[in-house]
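**Student:** Protein chains in written order, with our numbering: chain P, 22 to 374; chain A, 18 to 792; chain X, 2 to 354.
No lab work stands behind these hints: they were computed from the structure.
Some chain A residues judged to face chain P by a derived CB distance under 10 angstroms, without partners named:
#1 VAL231
#2 LEU369
#3 SER372
#4 GLN378
#5 ASP385
#6 ARG573
The beta-carbon is built from N, C-alpha and C at its ideal position, and this holds for glycine as well.
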Amino acid sequence: MPTASDRGLDTAVHQLRCSDPHGRPLTRTVRFGPWHTPAGALASVRPVTAADGGPDLAQKAVLTDLGRRAGYAYEMLENEARIAARLSHRYDSPYAYPPELVRLVGYDLDGEEPFLLFAPPRGVSLAGAAADLHSAALRQLEESLLRGVLALASSQVVHGALTPQTVRWDGQCAQITELGYARLTGEESPPQTTGWAAPEQRAGGHRARLADDVWGAGAVIYHVVTGAPMPATGAPRLTNRGEALRALLDGVFTEPAERRPDVATLLRRLRVEPSPPDGAALTDPAFAAGGHAFDERLARKRASLRPAPTPAPPPLPRRRRSWLWGGATALLLVTLGVMSMASGVGALLAVAA
Amino acid sequence: MSEATSDAGVALLSLRAAPTELARERFEAALAAASRAGDDACRLLLIDDAARLGEHHDLFETILASRRVDSMICLAIGPPVDRPQGQALRATPVLTVESVALLWVGDESGVAWRMDTRGAVRPPEAVQTDGSQPLSRLVAALLTAEVFDHVVAAVAQLPNRAANPGLRTAAGQLDLATLLAGHAQAIAMVTGRDADEPTIERGGPSLENCELLVGGDTVLPGYAGPLRPDSPLVRLRAESERSCREADRLVRQMAGLSGLVRPARSGPGVLAAVSTAGRRLGEYHDALTDVLELGDSAGTVDSSRRIELERQGVCWDPVPGLNRLTIVARLQSAVDGAIGRYPLRTLASWLLLVSDRAMPQGSAAHLDRLDRLNPMATAPRLSSPPPLPLAAVPAPALAAVATGCLLAGVVPGWWGAVAGGVFAVLWLVMVTVAYRREAAQRGERSARAVLRSGLLAHAGAALAGLAAGRAVAVALAPTPLLSTVPVRVATAAAAAALLGFALSRWWSAAVHQWRTQLRLDRAVRVIAAQDAILREAALREWVLAGQRSFLSDAARAMAGAVREVAESLDGWRERHASDADAAAAPVATLDRDAVGDLQSLLAEDVADAARATLAPCWEVLRSGALDRVRLGVAEDAEALMDQHRQHLARQNIDQRPPFARRGDDARSPRLAQAWGPPGHLAEVVGAASDGLLVQLCAAEDLQLLEPGRWGTQAVRFAPRSTQDLVLDHGPRDARLDDVVWTGSGHLAGVIRLVALRAGAVELIWPEEAPDAHRL
Amino acid sequence: MNARLVLCPICLESVEWAGQDLFLRDGGKYVPLATPTTNPNKLAVLRRSAYWRCPNPAGDTADHYLPWAYASYRPPVVVGLVGDSRAGKSHLLAGMILEIERGGLQPYGLGWEPLDAVRHAAFHAEVVERVLGGERLPPTNPGVVEFADALLIKSPVTGSWPVAFFDIAGEGFQRGEREGRFVIGTRGLIFVVDPATALGVVGAEPGNGGRTQDLAFAAVLAQLRALLAPGQTYLDLAAVMVVNKADRLRLRHPVDTWMRPHDGDGHVDPARIRAESRDAYAFLYQHRSAWPWLAPFDTFRRCTLHFASATGGEERDGRYPRGFRPRRVLEPLVALFAMTGVLAGPEMTEVGI
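Chain P with its partners taken away, still in its complex shape (with noise of 0.2 angstroms):
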């Protein structure tokens, strides 16, 4: 396994070791590309090319020098690591790994260069296709990525970063990659400080819930359709827009998110219908199981601290009391009965005379 980094082509073939998402050791033979840095970017990326008649792979990793600059950028790998795995984990076979989302095919956090391998994104990013897309692709391009948001919201995913850098789109389904930003729902989740985000993920100490990701979507889905960006705060003028347009992202940019559709809603817009793709469940009954198990033995050992409460005083006899109960119904009854009777009569009587 490399454990330098290979700069420059490079037509050797190597021996490349790793773990896949299930934590069980894979090799490849494979040949690598040249290593690519996307100005900003926290990883470098680079293609690889199988030798074993294997699929072909990206390979993304934190160089050395990169690591030595940004720390944080090893952290962010482990953290796109595990958030991949998860959906890895939840649509592995026999379910179908949905074509929305980048998927993790191995990784090897523990070397020099810790480094994480995908299946080769789709497409080109849509940073810059704003204008290239005609309404039918459009159509499939709005649909494709609410699907791949939909997805990860029933992995209870919150993706936090969605631009037109980060979704892809290949001219039949739209990708979104770049997990390195994700968490799950309720996680605490970075600042992010563009106007792709979501106005409550601007300022520190916000936890990452899926109403984030609806505004992203919607952000994403405004540049392409208006080749505009989004404005640096606030939501974006939709009032001279097209009504297509307007009735999709109603109501997308509005600043309580609870207030904000779900994917589901914004799918239903659309007219296609939002069923999340087949996974396996997230929680294990074993798991919950042992959940269970531990409280019921906490709770035990709590009881064991507590004296033994007195007994409670013994009830009234219960006959007793019912006959009481019976009679004040029965008095109360017949009072009424009493009075309407009487009155009536009284109205007849007024009225026959």
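Given chain P's structure and the hints, the job is docking chains A and X onto it.
**Tutor:** Relative to the frame of chain P, chains A and X by itself:
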């Protein structure tokens, strides 16, 4: 001496420093060059050394004999042949024939000489302040056809048709660095910045009748609408409306005494009509919902759906004026018109906006609007209408009843009692009838208990009135007046009238209130509104779906092309930024003046370049290959910018570049500031012909000139495009009356032709060699 | 000076402290004070950095010295690390000591200093330096109770506590005097669970499946249960269970949520500790084969469970490529301190129960 390019019919032939043998080829070449430039080259400017004029005699003969040249100016340059003798030129008589002018230039740089005072000579820079060579200016001026002709005519009036030229000129040109800096700025103006918000959303270019495709309400003349008049949907609507109106009419008829009395009017028929109206309303709504859902597809409706929709009555006749070709034409005219007025990037955003708004949504999106009209609240109300709100114990009616019976019974004697009783009974009968009708409206057989007890109240009131009437009658019994027949009749009539009125009012009030509750008029409006929604949906989402999709895609494709043009222009500008950097400062001083400014001139050129780049895209759009619209746009734009740059280097701002639009109002470009400070041009052109001008001869040869009334001609010239600059400045100058307005060129000024002294030009025939060829 | 009976944390004997002769530290050795002085002030100053030699009655430990003011400290907290020889106890302890040295206890308001400076220096050189260099430590000798290191933990609120760490490799545990002493003196136990044996989790090394229980756990628990009074279900000893080598598990649920870097902010949150204990318990509970490792939870009344990684990653060829990066190793220790009273506060009483 450079080979000046010949313009518009003046051929240039320079024989200086060239052997005689090549002269003939040169002549042919010069004529060929001139004929390429435009009209027949019938004018020839021949430049030769003064000393070799005799040598070239044969050539001159040939030229003149060839008849290909109508007029010729011979510019002989060189020191005088024999200064002490006062001889300037030794020429052949060939050069003194009609239509030939001989100009002698004694010194190429010349001297500034004031002819009127014959004062001291000054260096030529005193006059020609812009550092140009007077001789080259003279040649350039003579290459202009109009000036050429006038100079020939002027020299013809001088003895020997020979003269020495003096001149003062001004050139309307800018230096290249300023031009390039201006060019860069013009590109920036045309392309716009990236961060521009689409500010032209409302005031953007209009698409005229294609506004319908993007949501505007345009009335299309000659278009019958998307629904066939005999279609099931239209019929359903008509039936629904009709039943509503019918029900309304029947309900209205129920009012009044006749409505109460005649069983047909207030019978169960009314109820049936109302519920029919409700049912039809519901049916219409359901039919619309079904058809909107059936036809729903974002984009063009496919053929099976289309067949079904046509069966329902949607008419897919082509909408006049909204086919692909007209759409592209409108889009093109909008974009072409907007290119100069809005930056390209803003235009691209606008195109994306158009694309967005033209995208069809699918007819199911209109279901929301249908639901908001809430016909489903109206229909049940009509299908099972509320009961007739007949008041059980109406106080006014009871009072009227009492009064009526009182009146009836007020007549003393048996008449009163009978009349009163009759009226009372009659009233009760009518009330019973009313109650029965009310029951019939509800579809039940018997009246409600409440109404039945109301009967008691009516009876009570009638009897009370009657009793009161009888009491009054008894009290008034002695009065004989009351027993008279007229009084009886009157009271009976009054009573009848009052009772009838009360009954009518009571019944009609209930009917009117019921009518208000039913709100059948609103139902009719709802139907009309639903129909409008259906038509709009049918037009925009079905019939025009294809055109809308096409417009959306076309606008999007053109947005990409426009953006690509903007980006390649900007890229070109950045690559050539170093050239314009040095001249950034002078551009700042070149600001707008009253006539025009460099910026808008160049911006117009760049805008034309953008239009020329986009022109093939429109053709590709028309052919339908939307994904190939942007092919070659970037390279083309850059090539045009290169061409523009070269054009500016060569032609300066005299002419529009070749890709410029030639419209009706294509004025030749003019820029006041190119001509120097204001008034300078007028001053140059109007300079006194005997004032200080650069005379093209050496100081000591001035004595060979013979100024004097006969001896001086002046030719003033200026380009036509600067006419107002020359004439409007300052008070009217008589000298400016006979300016020669040239059609093109960048020179203006005055040429003074001074005659030579007698004997300065010697004309001798050359000796004929014995074996000289006769050409 | 009154003679006092104190428990020496190193030889686990009760010894008499009577103001014995002073020793001063000179480089790597202790030298007796050459000339005793009569100046009381000078004596006081000397005593602050002086040591006294433990009489070492059992004679089974090398010479060891304790600080002069030992008698004024709180009773020593003897902490035993229990687990199989390959469970990673040594690495875990090295990680703990390293993190303490790096100031990991400061946010909790605790200071530290070595108890016996010379022994601590020796431990540092033998163990800590080696792992910092990326080397792998040899497994603990089986059947031995070994003293590893002792520190003085200083709390401004509760005083100074000597804390001694003992390594207990349990296979073939022989009941002997030493164990008896140990059992008496211990105040807290750290049970180190090796996921490779408990769950059969594999990483770079093959799983050591085939064990049905951790012998060390079993032995220690058996010893301690003998101490139970009749009718008493739970032992009142503080216990902490650490699922070690959690870096191998860090892409699994629920380990991925706990193994994320979470800077200790000095706030001990019993609810969070309980949540982690619950998740760790349920995680082990998922596999029936791991139930024996859960035995300590049913034995001790106050017991917490934690995920930790002593090394931060897998070893490659006997070395750790990115160095020794302990992860979350102090949380178990902090929980232990909370349960033994080193950390005081109202929420500390909630920890573990």
